[in-house]
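Quick note, the sequences are listed as chains A and B, same order.
5 is the number of the first residue of the first sequence in the numbering used here; add one for each residue after it.
469 is the number of the first residue of the second sequence in the numbering used here; add one for each residue after it.
Keep in mind that a hint or two might mislead.
[What the hints assert, rightly or not] Some chain B residues close to chain A (C-beta under 10 angstroms, calculated; not the full set):
no., residue
1, 476
2, 483
3, 492
4, 498
5, 499
6, 502
7, 503
8, 505
9, 534
10, 559
11, 562
If you are wondering where the hints come from, they were derived from the structure by calculation, not from laboratory data.
We put the CB at the ideal spot given by N, CA and C, even for glycine.
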Amino acid sequence: MSKKQDHIQDIAEIRSMMERSSKFLSLSGLSGVLAGFYALTGVYLAYSLYGFRPTEIITNKQASDFSEVVVIALLVLILAIGTAVIFSYRRATSKGEKIWNSTSRRLLVNVSVPLVAGAGLALVLFSKGFVGLIPSITLLFYGLALFTGGSFTFNEIKFLGVIQILLGLIAAYFVEYALIFWAVGFGFTHIIYGIYIHIRHKQ
Amino acid sequence: MKISFDDLHKAFESRIRLGIMSVLAVNDSMDFNALKEFLDATDGNLATHIKKLEQEGFVESNKSFIDNKPNTRYYMTAEGKDAFHNHLEVLEKIINSQK
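Isolated chain B, as found in the complex (with noise of 0.2 angstroms):
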């Protein structure tokens, strides 16, 4: 089977976009603040690509007010999940064909 590059998905090009996949890959939801903690990313660069990530369908959100201040969590949706794994399988092979 020949794997190219073209079935790395486009959404994942970014360290960032992965970032925030990694992270929902395994945990439950996660908010705004703390994502940018593990992330180390700044709040306009981070809403850029939670954006994107929600176009592609693979990000969902869930706005609620914790003490009157807006708390918005994310979380992954099964697209998401499915996307992220194929992303991680495609990965693997590419290296392994590589060796």
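Same shape as in the complex, but just chain A (with noise of 0.2 angstroms):
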């Protein structure tokens, strides 16, 4: 039957083939748990220390008494997206692989489109004042981006996706409680889906 071995060997090859040359599989979980705790940090100390608390969806305050807020903001950007890249690249060279490759290209392109769209519409709202929309608006640019990215690595990322945008019409709706689904999209859904993704594709 070493015939039949053959076959099977040729399906399980063609199968592998097809998903390696169009999927990035070297995504680590473990930067998505410790990009939630950057993101809850991040949340905490907004809070805490610059009182960012928005309750409606137009502020009286000026746009600049948050800037500190952006810079924060965009602390944790660069830390997740630096840890990201870098756990990646370990995960990569320890297969063998090349992380800059036709697979992480496309999904970086197809990732980056929504999410500069997100970005360059939160930064408009939040120069005109509409600070109580940030969390809505950068939540369900960033599902956004997770279901057009899904596509291009491991297929759980859509469903993540489609939690982010949930939880960005929610916030939308419920601007109070905007902050807490800011922590719990960014922060816990990423520390979850983080453990979840690191085991379920271990090898």
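Join these two chains into a complex; the hints should help.
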């Protein structure tokens, strides 16, 4: 039956080649967990140190009153992306793959389009004083980015995107609790999901 | 229905050729270097196998220049797609019939 073994081996190889050439599979779950912790720390700092607690869509405060919050948000973003790149790099090299290939390029392009659109809108709204909408907008566009990106990496990322979109919509309706949904979306969901991805795709 | 190994296309006997077809089945197109990386093949080896698939009419290429370096992108023809799917079906039938 060696012939049959050969054919089964053929099919296994076809499947693996299809997946490896179309999806970026070196994404690290642990970097998601860390990103969640950065986000929670960021939300906590914004809330306790700088009194960032929007209760209405339009704030009568000046946007510049919250400039520290923008700095915190950017720091969290840079830390999270940096961690993701380093962890993915380590995973890719340990599997003997390059991190910068056609799959990672495609993932990056598809994720960055909704992300840049959302970041732009968030900054515009912020400068016009619609501070209460920032958590919702960032969650929504991040969710869209994940949903699109899910096609180019682990499928489960799509579901994470849907969760973020739902949280974003709820945060838009209950503006007074937006900060909590922000912490849940970028913080707790990342931690839980990161652990799940880590266990599921260990090898 | 009797399935024989003769139904399996000769072009797909090699693992590398099967790999090339698998990659091109899920990607619109792929350049030579990326293919080489995925398949872990040498330049000469990969070129020979691609040539064979081109002769069969399963794969076609687009040549262009990126930063003055020649860049060849390969894609699957409709004929190649049919042949590949047919091959997968035959493989599946053979495996099922021997259960």
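A quick look at each hint next to the structure:
{"no.": "1", "hint": "476", "result": "holds (9 angstroms)"}
{"no.": "2", "hint": "483", "result": "holds (7 angstroms)"}
{"no.": "3", "hint": "492", "result": "holds (9 angstroms)"}
{"no.": "4", "hint": "498", "result": "holds (7 angstroms)"}
{"no.": "5", "hint": "499", "result": "holds (8 angstroms)"}
{"no.": "6", "hint": "502", "result": "holds (5 angstroms)"}
{"no.": "7", "hint": "503", "result": "holds (8 angstroms)"}
{"no.": "8", "hint": "505", "result": "holds (6 angstroms)"}
{"no.": "9", "hint": "534", "result": "violated (14 angstroms)"}
{"no.": "10", "hint": "559", "result": "holds (5 angstroms)"}
{"no.": "11", "hint": "562", "result": "holds (6 angstroms)"}
The structure is inconsistent with hint 9 alone, although it conforms to all the rest.
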